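**Student:** Sequence:
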Amino acid sequence: MNGMDWDKLRIFHAVADAGSLTHAGDALHLSQSAVSRQIRALEESLGTTLFHRHARGLILTEQGELLFDATSTMAKKLDAAAARIRDSEEEVFGELKVTTTVGFGTMWLAPRLVKLYDRYPDLKIDLLLEERVLDLPMREADVAIRMKEPAQADLIRKRLINIRMRLYATPEYLARAGRPERIEDMSKHRLICQNPATPQVQAGAQLTQSVMAHGVPSTLMVNNYFGVLQGVLNHIGVGVLPDYLTADFPYLERVLPVVESVEVPVFLAYPEELRSSRRVNAFRDFVQEEILAYRRGQTTDPAAD
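For the record, in the sequence shown the residue sitting at position 110 is 110 according to full-length UniProt numbering, with numbers rising by one throughout.
Hints are computed from structural coordinates only; laboratory data are not their basis. Remember, it's a predicted structure, so these values are computed and weren't measured experimentally. Every residue gets a Cβ at the ideal spot worked out from N, C-alpha and C, and that includes glycine. Hints may be right or wrong, so weigh each one.
[As the list claims (entries may be wrong)] Below 20 Å or equal to it, Euclidean Cα-Cα: the simulated EDC-like pairs (lysine to aspartate or glutamate) are:
{"hint": "1", "residue 1": "115", "residue 2": "290"}
{"hint": "2", "residue 1": "148", "residue 2": "253"}
{"hint": "3", "residue 1": "76", "residue 2": "272"}
{"hint": "4", "residue 1": "97", "residue 2": "130"}
[Said to hold, decoys possible] Pair by pair, the computed Cβ-Cβ distance ranges are:
{"hint": "5", "residue 1": "263", "residue 2": "187", "range": "36 to 46 Å"}
{"hint": "6", "residue 1": "126", "residue 2": "62", "range": "43 to 53 Å"}
{"hint": "7", "residue 1": "179", "residue 2": "73", "range": "51 to 61 Å"}
{"hint": "8", "residue 1": "159", "residue 2": "78", "range": "25 to 35 Å"}
{"hint": "9", "residue 1": "126", "residue 2": "69", "range": "38 to 48 Å"}
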């Protein structure tokens, strides 16, 4: 970046991100002609073309992609620096990006966040629910809660709890369809689960495969555990679900208590550079308190030992 104009780089990044001179201008509060002049000047200083122009907008050239990778890294580092500066204040406020799986985020975390907002009303949480593991050091998210220990370097990580995947159904379904006494009895029941080939906790996929091996005649497959839960709650069949949801749905009945997955560790992680972040620490402490309350309510459950 030596010798490059930082203001032109900022404008280039906005254009590359928006794919349009007009949209970038709106975001930067500049006219389209002013943005165009800055891009032309940057291209001239580099002696290369950064964008292909066409009717639908702008597409980065190979050289433009290289520069956009560099400005994206710069933007993430500046965001991290700004977050650390803001966190020098006494109060907890501002945006916190939290990533976790769809199941844990919808069925356990989101219902509890009202307590965190009551404590810190100026906190803004961007909850990113997906199975893909986001890159914390590159600031795709600030905090992650994952169903395995993160492999990325330079992360602070804490094991929160161990969970297991188990079989659940409503009393209404079991009264109508009968209660399985052995796993072979699942040949008379509908199984609600994720397709074993879809991204999910490996232990859940293995449990699903072991149950389906006993000739399950009918299935409802949903691509996340929240959908599986809705199927169970509406008495469609027996569902493969994580045991942590029983705290909020105590009327669900466990089916075949001897059938369960291996333990799955749940980790909370965040970048080393956010160690002193007040937002991160507030969220971490909140989650640990909620996990402790959950464990106290599950003292007879093996997953809480």
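**Student:** For every hint, state whether the structure bears it out.
**Tutor:** Going through the hints against the structure:
1. Distance restraint check for residue 115 and residue 290: the Cα-Cα separation of roughly 10 Å lies within the 20 Å cut-off, and the hinted pair is therefore satisfied.
2. Note on residue 148 and residue 253: the hinted pairing is violated, with a Cα-Cα distance of about 27 Å set against a maximum of 20 Å.
3. Between the alpha carbons of residue 76 and residue 272 the distance comes to roughly 15 Å, so the proposed pair stays at or under 20 Å and holds.
4. With a CA separation close to 13 Å, the supplied pair residue 97 and residue 130 stays within the 20 Å bound.
5. In this structure, residue 263 and residue 187 break the distance hint of 36 to 46 Å, their C-beta atoms being roughly 28 Å apart.
6. Between residue 126 and residue 62 the beta carbons are some 32 Å apart, a value that contradicts the proposed interval 43 to 53 Å.
7. In this structure the hint that residue 179 and residue 73 lie 51 to 61 Å apart at CB holds, the actual value being about 57 Å.
8. Hint check: residue 159 to residue 78, Cβ distance near 32 Å, so the stated range 25 to 35 Å holds.
9. Between residue 126 and residue 69 the CB atoms are about 23 Å apart, so this pair departs from the stated range of 38 to 48 Å.
Of the hints listed earlier, those the structure fails to meet are numbers 2, 5, 6, 9, in rising order.
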